[in-house]
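Place chain B on chain A using the hints.
Chains as they are written, first to last, in my numbering: chain A, 1 to 989; chain B, 1001 to 1192.
The hints are simulated quantities; they were obtained by calculation from the structure and are not laboratory data. Where is the CB? At the ideal position from N, CA and C, for every residue including glycine. Hints may be right or wrong, so weigh each one.
[To be verified] A few chain B residues that don't get close to chain A, going by computed Cβ distances all over 12 Å:
{"no.": "1", "residue": "T1035"}
{"no.": "2", "residue": "N1087"}
{"no.": "3", "residue": "T1088"}
{"no.": "4", "residue": "L1107"}
{"no.": "5", "residue": "S1116"}
{"no.": "6", "residue": "D1156"}
[What the hints assert, rightly or not] Label-pair restraints from in silico Cβ distances:
{"no.": "7", "chain 1": "B", "residue 1": "T1099", "chain 2": "A", "residue 2": "A965", "range": "52 to 60 Å"}
{"no.": "8", "chain 1": "B", "residue 1": "G1081", "chain 2": "A", "residue 2": "P711", "range": "58 to 66 Å"}
{"no.": "9", "chain 1": "B", "residue 1": "N1082", "chain 2": "A", "residue 2": "A965", "range": "48 to 56 Å"}
{"no.": "10", "chain 1": "B", "residue 1": "S1032", "chain 2": "A", "residue 2": "G947", "range": "50 to 58 Å"}
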Amino acid sequence: MLIRIVSALLFLLSAASSVFGGGSTSVVISQVYGGGGNSGATFKNDFIELYNLSASPVNVTGWSVQYGAATGTTWQVTTLTGTIQPGKFYLVQEAVGAGGTTNLPSPDATGTIAMSATAGKVALVSSTTALTVACPTGLVDLVGYGPTANCFEGAAAPVLTNTTADIRKGGGSTDTDSNSADFTAGAPNPRNTSCCALSISTISPLPNAIVNTLYSQTFAVSGASGTPTWALASGSTLPFDFAISSAGVLTGTPTSTVGSPFIFTIQVTDATTTTVSALFQLSVTAAATCTVTHTISQIQGSGDTSPFVGSSETTSGIVTARKSNGFFLQMPDPGDSNPLTSDGVFVFTSTAPPAAAAVGNSVCVTGNISEFIPSSDLPSPSVTEIAPTSVTVLAANQTLPAAVILTALEMAPNSAINNLEKYEGMRVQVNSLVVIGPTQGTVSEANATSASNGVFYGVIQGIARPFREPGIQIPDPLPAGSPANIPRFDSNPERLRVDTKGQPGSTVLDVTAGTTITGLVGPLDFGFRTYTILTDPSPVPTAGPNVSFTAVPVPLAGELTVASFNMERFFDTVADPAVSDVVLTPAAFSNRLTKMSLAIRNVLNTPDIIGVEEMENLSTLQALAAKVNGDAVAALAPSPNYSAFLFEGNDIGGIDVGFLVKSTKVNVVDVTQYGLNTTYTDPGTGLPAVLNDRPPLVLRATAASGANAVPLPVTVIVNHLRSLSGVADPVDGNRVRTKRRAQAEFLANLIQARQAASPSENIISLGDYNAFAFNDGYGDSIGTIIGLPTPADQVVLASADLVNPNLTDLTDTLAADQRYSFNFDGDAQELDHVLVNSAILPRFTRFAIARLNSDFPESFRNDANRPERISDHDPAVAYFSLPTASDVTGQVKVVQSGLGYNRGTRLFVGTITITNTGSQTIASPIQVVLTSLTSGVTLANAAGSFGGSPFVTSNTSLAPGQSVAVPVQYSNPGNVIINQVVKIYSGVF
Amino acid sequence: MRKSLLLLFCCGMAIVASPVSVQVNVNTSSISGTTGNVDFQYNPGPGVTDPSFITIDFFTPGGQLNGVRQINGAVTGLLPGNLRIDNTTAFNDYFEGFTFTNSLSFLVTFDGPAPSGVATTGSSFLFSLYAADQVTPLLANFPDTGAIVVGDVGVDGALTFSTPEPASIALIGLGLILIGAKVRNRSYGRKA
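Next comes chain A alone, as it looks inside the complex:
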């Protein structure tokens, strides 16, 4: 009864208490700290701090703060006295500890409660009666802190340490009834009732203003309750167009120095309506002058390099854009009106450019002129730069020079690598650009994610997509001793690099190749041997819709599909100390498996044989096989029952080649690794060195179109040859080139040996050859492997013709605009090939390269639920017709005629008569295969060869009892008795 009366009285007195959960409208707990006096603490005592967030004083006499352990039901009480003014704090000191160095400010109340330094409960109660339950109600305010606290508003405030307190946000005023949202952990900051008088902390005199330059000064205040409001004091005036905002920002542009210095009074009022004011002095100084030694266009000159390299020059211009390490400076319109000299230049500051270099400022720059070439790419063309020793503002808010609109004519494919030198550093514009290389990014292999860097490549609309072309790239020098007729690749000067992240505040675009972008404006930089637009923050370019993947055709029932897929460093979650592998997180590994399964099933249409490159080990490939098999069943499709084959090779990075074989259709004979221990002579050391980092793997298998059809034997060789990295290196390049040629010749000899031993062997050699379909000037790996080596006068390292009959590169069967599997800085190029020999070429039906990787931005790597960008290479699928023929020899009678000799044709001529002795009609065509034909005798009228044996075809069906006589003609120069075993098939081989 007594308690009820006291509570009623207090309610009348304060009219401010609220029940727990309703949120206090008067006094709240604004800070709790239990680490006082503990090891590492600054303050000697624990404390509880209160804050009056109302507009009225609150008398807390007869109130208490109470503390309960995190899960406790008993509470310790500290009694309060006195009044808290609006916007003011109230400090309750609690138990002292042995540690700490600093006393609290004078407390307004004192207790001896030893609070937990990590988790506990603090209540503000409008009485002094100890609470008795774990989570009491009817409180003024409550804070539960630390994850073990079992009572709180909403959710517990952050866990504490000896050096952190939970501090209510908003200077004590934030109260959303969620301890976790309202409090943040930070260094203890005890405040008492006398804390924090309102005062202006900005000091007079203010920084000087400059004539004709926008001035801006933000005033600061301390001790304010709530949000302070700024104003010019009554009776005071500001010069020129100066004004102060309610947020305390003084801005204006002086037009002269007359009247300087100016004196005025600024005032600030806080939430308690307390107002303070202060007197300020502002001086205006004349604008800086700039004694220009040469204009920007004179510094740029009309050539590729500045005529003032090494000279210290002073010039002026308008800042058009800022980068992280410099800014672009350009003469105001109309510039020098000389179309051959650029009016813009890059000022290289190394670190963030100074504030004076704000966009729109006219500045005076003094500094040394240089031509910058990246140390990592010494043959690169250079960029003219100024390294400033001073940057002085001349005027602000200047109109930027108009952007030059780039045209397809001046960026034509037959233009020179310096085609935009005349615009270097100037603002340029592209009205419509077609993306030729997708947005790049920084890959985190361990997490299987990528962060976009905003950089992509494009061509002005109307220009065809550029491809890598034969020859050594301009401007790379030819190696010493090069022959006379090496072709040169012009570097595709039609390419434009776009950096949507180069300027702070720009909108990053993640785009696919083929997307059209309009309204690109920004300064013309130069990087990675390519002219580069750094897009302005505004206006934001408009990007058309991104494209999705393009799947390969669904195979026909009678087709065998053989694919090559560089899976891009497909590592597992286990560290292998023998190699420098990447260890994926379980989530990253799972995501890669999911993406790859989507790619194999939905984009490649589950090929019968997949030659795999860049796979860490057999268990990882088996995991992929299991994933695909399982996903197929889950998607209500038949399981391909992929089996995995992989042999470890020599790669120090731990990647190997292998096979996934669809065991429902393909019967594996054997898988053999070749050249594991083969060496070549390193031309640098003269010593033997490992030749095959990823030795070729040869799969022999048979595939049949149906249960009774004759199987087709095939031999598939999967390869991953050495990369082009370092091929142009002036020091190591010869070793790289020598090794590349040796690998190509090793593979050529491997294939030729098989062809020679068995001309009918159906050989498919596929993989990432890291070589173009043509001579790159240093070597011609593909030409060597297919038996069409480049003549010695056109290549640094030539090969002999090692392969006969020649192979066919199936890439050559595609339309020209589809001959790519990779994108290097906007140059579409074919590094992956499927090569077939003449034995299987008649069975080749079609070839397709799936589009899911090289045209797609790195950001797509992050989405496990889409197949795109699982790798940097596009996989390819070759299609071959399988025999439909079945053996019907047991259903026929075969009779051969005598042979007449034709002296004109020098052939022995006769017939083989087939009679259907069965009860079923034998379908057309009927194939007559002459196996085990006597050595030295050949079938002159053979329609083809099956299993190494010649055959003739009769396009007729045979009803039961019906016969057909099939003509045969033999070349038998030895006039020997001919022996053969005749086999009869129905259907197509």
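Below, chain B alone, put in the same frame as chain A:
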């Protein structure tokens, strides 16, 4: 105008039952006066053949043999006398230079033992004429072989003898019985 091919099937006439003879007349008027070659051959097919042979009798040249011969394999005798050609090697051939007149004729007789039942191939008799270059067939009825007449002996010993013009044939079996209603004694010139 080329005449349609006339085939004669000696159905049921097996040489093992009794030798079978065929009289062959060839109209050579279109090449009369030129010099070329006559060619007789009797060869087995691939694999296993039952032994058999032919004889050439009553060679009536109507022209002039010149004695320049190429003889291969199992050939005995010389024209204009009788020839015997066995099928024991792959290429059994009698080839001799000859100056043509308006016609020539001969009797070919097929003979051999009973079929073994294991033979996989028969044997073929061919008669051809070649030009002086020895490689260009003359008056050929069968483009593949260049032959004028062909006689095939099957694995069952049955003879299939066939020719269109310009030759004519007469099958002579027991008592000179002619088999086949389409056989006519014709002797007329080849028309181009």
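Right, here's what the structure says about each hint:
1. T1035: holds, 16 Å
2. N1087: Incorrect as stated: the minimum Cβ-Cβ distance to chain A is 7 Å, not above 12 Å.
3. T1088: violated, 9 Å
4. L1107: holds, 20 Å
5. S1116: holds, 14 Å
6. D1156: At roughly 9 Å from the nearest Cβ of chain A, D1156(B) sits no farther out than 12 Å, so the non-interface label is violated.
7. T1099(B) with A965(A): 52 to 60 Å: For T1099(B) and A965(A) the Cβ distance comes to about 37 Å; the hint is violated.
8. G1081(B) with P711(A): 58 to 66 Å: holds, 59 Å
9. N1082(B) with A965(A): 48 to 56 Å: violated, 32 Å
10. S1032(B) with G947(A): 50 to 58 Å: At 53 Å between Cβs, range holds.
Hint compliance for this structure: hints 2, 3, 6, 7, 9 are not met, and every other hint is.
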